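K.L.:
All chains, full assembly: derive it from the sequences and hints.
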Amino acid sequence: GQDLISNPKIMLFDEPTSGLDSESSYQMVSYLKELTKQDRCVISVIHQPSSDLLELFDDLYVLSDGKCMYSGSLHDLIPWFESVGLVCPQYYNRADFVVKLASTSNPDKSKIYQLMYQMESVNKDKPPALLPSEKHRPKGRQYPTS
Numbered sequence: 001g002q003d004l005i006s007n008p009k010i011m012l013f014d015e016p017t018s019g020l021d022s023e024s025s026y027q028m029v030s031y032l033k034e035l036t037k038q039d040r041c042v043i044s045v046i047h048q049p050s051s052d053l054l055e056l057f058d059d060l061y062v063l064s065d066g067k068c069m070y071s072g073s074l075h076d077l078i079p080w081f082e083s084v085g086l087v088c089p090q091y092y093n094r095a096d097f098v099v100k101l102a103s104t105s106n107p108d109k110s111k112i113y114q115l116m117y118q119m120e121s122v123n124k125d126k127p128p129a130l131l132p133s134e135k136h137r138p139k140g141r142q143y144p145t146s
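Numbering of the sequence shown is given in full-length UniProt numbering, commencing with residue 1 and proceeding in unit increments.
It is worth saying that the hints were derived from the structure and are not from the lab.
Note that the coordinates shown come from a computational prediction; the quantities given were computed from them, not determined experimentally.
Mixed in with the good hints, there may be bad ones.
[Unchecked claim] Here are the simulated PhoX-like pairs of lysine-lysine, each with C-alpha atoms no more than 20 Å apart in a straight line:
hint, residue 1, residue 2
1, Lys109, Lys67
2, Lys9, Lys33
3, Lys67, Lys100
4, Lys111, Lys67
5, Lys37, Lys9
[To be verified] Computed Cβ-Cβ distance ranges for the label pairs, DEER-style:
hint, residue 1, residue 2, range
6, Lys109, Glu55, 23 to 29 Å
7, Ser24, Tyr113, 32 to 38 Å
8, Pro79, Pro8, 30 to 36 Å
9, Ser50, Ser73, 14 to 20 Å
10, Ser22, Lys109, 29 to 35 Å
11, Lys100, Asp76, 15 to 21 Å
Heads up, the beta-carbon is just placed ideally off N, CA and C, and yes, glycines get one too.
P.N.:
What follows is the structure, encoded as structure tokens:
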């Protein structure tokens with residue numbers, strides 16, 4: 001709570017819905033969405049979003065095996081996977097579809113690797129997002145990230 005007093009422009013949340021019921025989760029993510037309307041960048045890790053929660057996000061960054069398999073808008077999410085023949089069944093929850101594809105036990109791993117390669121190629125000339133340059137990296141004790 002004290003960190004919000006300083007009105008930060010970038011806010012990171014790790015599993016803000018963990019332990020919450022579906023209604024409370026929706027309220028939490030709705031609040032985070034409201035923060036974005038106050039000229040703030042809100043970044044959140046949610047490992048199993050419901051379809052309702054997914055609809056609240058503007059941009060997604062989906063990882064599989066630690067690599068990006070999708071980065072973009074919610075609108076372009078399903079067409080991205082369809083581009084390699086991974087079709088979301090009609091009336092199927094998009095969030096469940098993507099979580100299943102990102103799973104390490106997914107039988108279509110070769111198609112996922114193809115998407116990862118495409119995503120890497122698309123972004124190869126862009127600077128790494130949110131990674132501090134050597135000049136801005138903190139000195140002293142380093143903390144592990146996950």
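K.L.:
What are the numbers of the hints the structure violates, in ascending order?
P.N.:
No hint contradicted; all consistent.
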